[in-house]
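**Student:** The primary structure of each chain is shown beneath.
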Amino acid sequence: MSELREQIKEIIENEPVSLFMKGTPQLVMCGNSDRALRALREAGAPVTAVDVLPDPQIRQELSALSGWPTIPQVFIKGELVGGADIVEELAASGELRAKLDEALGPDREQAERTAAVATQA
Amino acid sequence: MAAPQTLEALLRDSFPDADELAVEDRTGGGDHFQVTIASARFEGLSLVEQHRLVYEALAAPLGDGSIHELRIKTRGLA
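Residue numbers (this note's numbering), protein chains in the order written: chain A, 1213 to 1333; chain B, -14 to 63.
Isolated chain A (complex conformation):
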């Protein structure tokens, strides 16, 4: 497994909620990444965001790992929850919050941090 793929896998498995997106929570570069981020915020998720734009390889390796072809991708404790459409749908029905409560407990705090994966210059 490539080092990059290993790093992505570690984030997916170790972060409570990871969001692979175009841009950052501070500067979102894509409407769908924005939809996913908003849904996660509304559900009170602690989000670890990874920007896939710095290197096309990030997206390639991520999709190879997840079997999901599009960005954004949301994972809760290592499990693929889906892309923007699914996360929005689950947020609207209340299932996203329930899923987060179950995985992380109800006392979590909504927070956002950014994680970077190192890519070859």
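Just so you know, these hints were derived from the structure itself, not from any lab. Cβ coordinates follow ideal geometry from the N, Cα and C atoms, glycine included. Be aware that a few hints might be false.
Claimed, not checked - Here are the simulated DSS-like cross-link-like pairs (lysine-lysine), alpha carbons at most 25 Å apart as the crow flies: (1) A:1234 to B:58; (2) A:1289 to A:1234; (3) A:1289 to A:1311; (4) B:58 to A:1311; (5) A:1289 to A:1221; (6) A:1221 to A:1234.
Claimed, not checked - Output of the computed footprint for chain B on chain A, the stretches with three or more beta carbons under 8 Å from beta carbons of chain B: (7) 1269 to 1281; (8) 1284 to 1298.
Place chain B on chain A using the hints.
**Tutor:** Same frame as chain A, but now just chain B:
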């Protein structure tokens, strides 16, 4: 770029039973699409599994970059 009809034909092949099957070109530019499908194939599947079936059906246009953005709405028939 892809024609909505092309995507619809690919989806029809994968979901011949579909009760509802619509492809909307959201921007008129031939690369942002909204797909809506109701099919018995989705019953009992999680949303991730349902969307995976749609991605499989559209693997070719997704792979060659002719679809820039795909929005998916799926449901079973029940």
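**Student:** Mind checking, does the stretch 1284 to 1298 of chain A have 3 or more residues with a CB under 8 Å from chain B?
**Tutor:** holds (count 7)
**Student:** For the pair we were handed, residue 1289 (chain A) and residue 1221 (chain A), check the Cα-Cα distance against 25 Å.
**Tutor:** holds (11 Å)
**Student:** Given the proposed pairing of residue 1221 (chain A) with residue 1234 (chain A), does the C-alpha separation stay at or below 25 Å?
**Tutor:** holds (18 Å)
**Student:** What's the verdict on residue 58 (chain B) and residue 1311 (chain A), does the C-alpha distance respect the 25 Å limit or exceed it?
**Tutor:** holds (20 Å)
**Student:** Check whether the Cα positions of residue 1234 (chain A) and residue 58 (chain B) lie no farther apart than 25 Å.
**Tutor:** Given that 25 Å is the threshold and the Cα spacing comes to 22 Å, the pair holds.
**Student:** Check the hint pairing residue 1289 (chain A) with residue 1234 (chain A) against an upper bound of 25 Å on the C-alpha distance.
**Tutor:** holds (21 Å)
**Student:** Can you take a look at whether the stretch 1269 to 1281 of chain A is actually covered by chain B? Rule is 3+ residues, C-beta closer than 8 Å.
**Tutor:** Per the Cβ count (3), the hint holds.
**Student:** Does residue 1289 (chain A) pair with residue 1311 (chain A) here, judged by a C-alpha cut-off of 25 Å?
**Tutor:** holds (11 Å)
When each numbered hint is compared with the structure, no violation occurs for any of them.
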